Structures are given as C-alpha cells and as structure tokens.
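With the working numbering applied, the sequence shown covers 216 to 542.
Just so you know, not all the hints are guaranteed correct.
[Claimed, not checked] Quick list of the computed label-pair ranges, beta carbon to beta carbon:
no.: 1; residue 1: R491; residue 2: P412; range: 32 to 38 Å
no.: 2; residue 1: R436; residue 2: N490; range: 15 to 21 Å
no.: 3; residue 1: T280; residue 2: T497; range: 27 to 33 Å
no.: 4; residue 1: P370; residue 2: T497; range: 40 to 46 Å
no.: 5; residue 1: G489; residue 2: R436; range: 20 to 26 Å
no.: 6; residue 1: S261; residue 2: Y482; range: 41 to 47 Å
no.: 7; residue 1: D359; residue 2: V252; range: 18 to 24 Å
no.: 8; residue 1: P286; residue 2: E502; range: 36 to 42 Å
These are calculated hints, taken from the structure and not from any lab test. Just so we're clear, the structure is a prediction, and the values are computed from it rather than from any experiment. Cβ coordinates follow ideal geometry from the N, Cα and C atoms, glycine included.
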Amino acid sequence: MSRMKLVARGLAMAALAFAAQMANAQTMYRVVRLALVGSTPLAIDSKGKVLLWSSNGSYYVCDTTACRLLPRVRDRTTHWNDFNDQGMLTGDASKPTGGTWVIRKDPQKGGGAHFLTPGVSAAIAADGAVVGRTLDYDAFLYTDHRIGLSGLAGPFPEPTDINADHVIVGRSRGFDNLDHATMWVGGDPPVDLGMAPGHSGSWAYKINDAGIAVGYSNDPRYGRQPARFAGGGVQVLLLPDVDDHGMATGINFAGTIVGQFYNGSEYRAGVVEGNRMVDLNTRLRPEDALLYNLSSADAINDAGQIAATHVDPQTHFPRVVRLEPIN
C-alpha cells in the first residue's frame, strides 16, 4: 500500500474512530478471571485468548477455562513476545550454537519454532512477518528474509509493532538526540511522527490496522503523556489530573485506546474516552469494582476485549484478567 493511500486511510479512520469513541463514551466492562495467578499480559487475540508471562518464568496462552504452556525451544532460554489470530508466535531464544535469535512458530505448518535471525522480536503481523532488533539495536523486518530498518538520524532505532499492511511503528533517535515516534512504510525512509510542542521525546508503541498509532509524548514538566498519532499529527490525551503521567499501550481497529497512568500514589489502568484517559476501574460494573484493582490495561482486540492486570490488595500478586464490554 502506498504512503498516500495509508495517510488517506489513516485520516478517514481517525475521524471514524473519534466518532465511535464519542458515541460510546462510557463503555462499561465485566471482569473475567483467567487461569493463572502471578502473571503479566503480553497480547490478546480476536477470540479473547491472552498470551502471558508467569512469575514462574514460563509463558502461556490462556482463556477462561485453561492455560496452554508454551514450550522452551530446544530446552534453551526462551521468551515469547507476541502472537496473531492464526496462532503464530514470535519470541527469542538462545541458539545452541550461540547468541540470541528471533524465533517464529507456525502451528499450521507443524513442528517446532524456527530460528530466523540474530536478535530479539517485538511483534508479529497477521501473515507472520516479524519486527525486532539485534542486541546492538539494528532494527529489521523479517518476512522470508531480513530487511533492515534505518533510524531517523542517530543510532538505536527500535520497532515495537507492525500492522496487517506491514506499517511499522516504534522510536528512533533524532538530530536533537531525543527519541522520536517513528513509522516505517515499505522500503521508504523512516517517517518522524513528531511530538507535542514543547515536549522532549515520543514513542509510537502500537498501531492498528487503520494506521493509527498510540504511545506517549514526553512532557518535561510532568513526564510521559499518552498520545495518539494519526494523519500527520500528535494528539496528547488528557489524564485525570494534570500531575499524572502515563502512556497508551494498545489500540483496536475501532480506535479504542487503553493504557496505564500513575496518579502520584499508584498505577491505574486507563481507557480513552474522546481525548481523555479515564480510570478503567471506574468503568467496571459495581460488583466487579468491589473486587478488582486494575493497575494496567495492556492490550485490546477488535471485539473490545481488554487484557488487564489486577493486583491483589492483600498479597500484591498480579493476576491477568479479561474485560468484556457490556454496553
């Protein structure tokens, strides 16, 4: 897809997403517990299955009834980082011959994971394309071969997500020696997505299939502020209090954004309504609000299901929960 078509599509979808968010300004959620205590969510697929890391050092794919343990590759140290709706997984593992390599596992092809290229992975697209970086921060896209991704000006480009059209986002060092939210499209040079006026850095952390990215823009007074990148502009999303700081960590096709913010005493899960991130705990049905303390909203699928972290107030153990929209 050409850059002009992507920009046009992004502008159209940004308008649609904003209208959808305004029309559903206060979606309420019910909490569904998953099978493991002491865990951190990494991704959620279209069916509501959650890829998560457990405090025992293992990785699982979980739903409400069971968790499937993901294997270590050749009994080596293995990290699973993302999966897609086809069940393909990407991560990184220690190769028997030495070094850390990106891995990809496709259950439809059978067999185990395949070592692709040296480095660590960040995300996998619907067709299995993987983005990542080497340990020396040389960024790349891997389809059936490795394609290098250059930075804006300085070293250390870091891609963190890829959508179905292979539009990649992340961050890269600019001429001002600050991190800039960055987009890579095809073989074109990287695009600086910018930052809010007066800010000192930005990061486009996730992108949806409409081409809208989210992450943060850094305010030197108050810290990171959640931000939306669309149509060539940066929109800082307001937080509950001017002194709060946080970032957006997920966006679905409809444009619903989730994330996390710190209110001066604790971390809270957030969901964006219009141009403001609100405390997701205030959008739980009353019976769930009494039982759950959501510290982060980590990912959202196109059905509006959210993978979030609940911290038990007694044990302080994290637990992955799934939020289901109910209106």
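These are the hints, each one checked on the structure:
no.: 1; hint: R491 - P412: 32 to 38 Å; result: 19 Å, violated
no.: 2; hint: R436 - N490: 15 to 21 Å; result: 19 Å, holds
no.: 3; hint: T280 - T497: 27 to 33 Å; result: 29 Å, holds
no.: 4; hint: P370 - T497: 40 to 46 Å; result: 42 Å, holds
no.: 5; hint: G489 - R436: 20 to 26 Å; result: 23 Å, holds
no.: 6; hint: S261 - Y482: 41 to 47 Å; result: 27 Å, violated
no.: 7; hint: D359 - V252: 18 to 24 Å; result: 40 Å, violated
no.: 8; hint: P286 - E502: 36 to 42 Å; result: 38 Å, holds
Hint compliance for this structure: hints 1, 6, 7 are broken, all remaining hints hold.
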